[in-house]
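Read top to bottom, the protein sequences are chains S and C.
According to the UniProt record's numbering, the first sequence is numbered sequentially starting from 1.
According to the UniProt record's numbering, the second sequence is numbered sequentially starting from 1.
Read the hints as simulated data drawn from the structure, not as lab findings.
Be aware that a few hints might be false.
For each label pair, taking beta carbons as the anchor points, the in silico distance ranges come out as [to be verified]:
# : chain 1 : residue 1 : chain 2 : residue 2 : range
1 : S       : ARG121    : C       : ALA118    : 20 to 28 Å
2 : S       : THR54     : C       : GLY51     : 56 to 64 Å
3 : C       : ARG13     : S       : GLU161    : 20 to 28 Å
4 : C       : THR285    : S       : ARG95     : 36 to 44 Å
Which stretches of chain S does chain C cover? Using the computed rule of at least three CB atoms under 8 Å from a CB of chain C, they are [what the hints assert, rightly or not]:
# : segment
5 : 67 to 81
6 : 101 to 113
7 : 120 to 128
Some chain C residues flagged as far from chain S (calculated, every beta-carbon gap over 12 Å) [what the hints assert, rightly or not]:
#  : residue
8  : THR20
9  : THR54
10 : LEU85
11 : LEU115
12 : GLU273
Just so it is clear, the structure is predicted and the values come from calculations on it, not from any experiment.
For each residue, glycine too, the CB sits at the ideal point set by N, CA and C.
Protein chains: 2
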Amino acid sequence: MRIDIEAYLDGLRFSVEPATAGLEEAMRYSLLAGGKRIRPVLALATAHAIGMQTEAVLPLAGALELIHTYSLIHDDLPAMDDDSLRRGRPTCHVRYGEAIAILAGDALYAEAIRLVLAEQRGDPARIIACLAELTAASGVQGMVGGQYIDVSGVVEEDGAELRRLHELKTGRLIGAAIECVLLLADEHTRSTTLPDFRAFATELGVLFQIVDDILDVTGTDVALGKPQGSDERHGKVTYVSRYGLEGARAMAAESHRNARAALDRAASGKALELAQITDFIATRTS
Amino acid sequence: MRIDIEAYLDGLRFSVEPATAGLEEAMRYSLLAGGKRIRPVLALATAHAIGMQTEAVLPLAGALELIHTYSLIHDDLPAMDDDSLRRGRPTCHVRYGEAIAILAGDALYAEAIRLVLAEQRGDPARIIACLAELTAASGVQGMVGGQYIDVSGVVEEDGAELRRLHELKTGRLIGAAIECVLLLADEHTRSTTLPDFRAFATELGVLFQIVDDILDVTGTDVALGKPQGSDERHGKVTYVSRYGLEGARAMAAESHRNARAALDRAASGKALELAQITDFIATRTS
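Bound-form chain S, shown alone (with noise of 0.2 Å):
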C-alpha cells in the first residue's frame, strides 16, 4: 500500500506557474520526505476491509498526508517546537525560512481539502460527509486545538488531560483516516461497522501516542530522523513523564489488545491489513 501512495504523492502538483514553483518545491520537499505514511495507509486497509480497492480512495488518503506534513512544518516552526530535524533533513524552516514555512504549510491544507473536492470520487453527499469529518479532525476540535493544548501548556500532572490532548492533536487524525473511508461506503456497510471501526480507531490513536512518547526516550535520533528526547527538553507531560517508562509500556500493551479486540468486532477476521498495522504501531521502532 505504501507504494501506491508515495506514487500518489510525488505525481502530485500544485503550482501551475513559475512564480509559485518554489512554494510547491518547499510543500514536496517535506511531503516526500518519506514518512511512514500511516494515515493514508490505514485508509487504504479500511477501505480493503469494507471492500473498497485503492483507486477509490487514494484521494483521501493521500489529503490526509498532506494535512499531516502540514502540521509536521507548523509544529516544527521557531515560535512552537523550534525542531530543526525532521524525518532525517532538515525541516521546512530551516531549509527555506520561516516565511516560506508558514505558507508551505497553509497551502498543504488548502491542496488538500481541494485534492478530495476535485478528485475523490463518489455520492457528493456522501464527499461532504466525509470532508465534514476531515475538517473537524483537522481543526478547533482536532488538531489544531490539540497542537494549542500542548503549546500553551495548559496541561498539568493530569492523566485525564494527556489523554484528551493527544486525542485531538494525533487521535482525531488518525481516526479520520479510518472514519472518512466508511463514510465514503455505502448506507449498509456504514451504518453496521461504524461505531466498532469508531473504537477501533479511538483505542489506535490512543496506542500511537503511547508509543511516541516512549520511542522518544528510549529510540535513537537516527531511527526517529528527529532528536531523541526532545519531549523532555521542552518540559512535555507524556505518558512517560506521568507514569514512567514501564507503566506506559504496560499501557501500551492494554491499549494494542483493546485495539484488535474493536478490530475484531469491526471486521471479524476481514482486516488483516489493519491488524498488521496495529501490530506495527505497538511495535515500531521509529
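Assemble the complex: chain S is given as a structure, and chain C must be docked to it using the hints.
Chain C only, in chain S's frame:
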C-alpha cells in the same frame, strides 16, 4: 448587510471545551476586530442580485471572512510583514504570541471550510463546486500563492507580474466571494450570468488593490487602522511605486469604469448593491 454579517460572525463558536477556549479567544479577537467585511458583503450583494436571500448564503459569507482573517493573521507575523497594528488594534501575535497566532490562523481556515460543510444549504453537488472554488482561491493558485510571491520578492519592476501577484493574493478571494454564490445558484442563473460576473469580479479585485496601494501612501494611520507607508518600508512594488500616484489614480478610474460596465452586462440594473460596493471600493479612504 454588514449588520447581518457582524451578528453572524459574532454568533460563531469554535471551541467546545475549556482547554481550547484560549484558541477561540484569539480567533475571535482577530475576527471581530471590525474590518470592512468586503468579501461577505460582496457575497450577500451577489446573492441579492440574482434573487437569493441573505440567509441562503450566510455560512459561505462567514467562511469568506474567516479565511480573510486567517490570511491577515499569518501575513502580519514577524516572519512575514511583521506588522504590529491591524484594524486599529495590536495584531494577533502581539496580543497572544506567535505560536497562538499561527494556530489561530490555521484554525480559522479549517473552521471556515467546516462552516460551509456543516451549515451551507443547497444541493450537495453545488456545495462541492462552491467549496472547490473557495479552496482554489485560497491555495497555491490563489491567496497563499500570492502571499508567497509577495514575500519571496520574485516580482521586480514588471507591471504584468505585479498585477498577477494581486490577482492571486487578493483578487481570487474577492472573485470567489462573487463566484461561489453563483455556483450555489440554479443552473439557468449560473450559466447565463457567470462569465459577466467573473469579468466584474476580476476587475473589482484589480480596483481594490490599486486603491489599497494609493491609500498606503495617502491615508492616515488612524483611518487605515495600520501604519501608513508600510509598503514602502517593506520595499514592496506597488501600483504607486510602479506608475506614480497620478498614474495609479488614472488606472483606478479606468478599472472603476470597467468594473461598472461589466456589472451592467452581468446584472443590467438589478445589482444596485453591487454597484454601490464598487463605488465604495473606488472611493474609500481606509
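Hint check:
1. ARG121(S) with ALA118(C): 20 to 28 Å: holds, 23 Å
2. THR54(S) with GLY51(C): 56 to 64 Å: The hinted range 56 to 64 Å is violated for THR54(S) and GLY51(C), with Cβ atoms some 45 Å apart.
3. ARG13(C) with GLU161(S): 20 to 28 Å: holds, 21 Å
4. THR285(C) with ARG95(S): 36 to 44 Å: Check passed, 43 Å falls within 36 to 44 Å.
5. 67 to 81: Since 4 is at least three, the answer is holds.
6. 101 to 113: n = 9 at 8 Å, threshold three: holds.
7. 120 to 128: As far as the segment 120 to 128 of chain S goes, the hint holds, because 5 residues have Cβ atoms under 8 Å from chain C.
8. THR20: Since the minimum Cβ distance to chain S is about 4 Å, THR20(C) lies within 12 Å and the statement is violated.
9. THR54: Answer for THR54(C): holds, closest chain S Cβ roughly 23 Å.
10. LEU85: Fine: 19 Å to the nearest Cβ keeps LEU85(C) off the interface.
11. LEU115: Violated, because the least Cβ-Cβ distance between LEU115(C) and chain S comes to about 9 Å, which does not exceed 12 Å.
12. GLU273: holds, 29 Å
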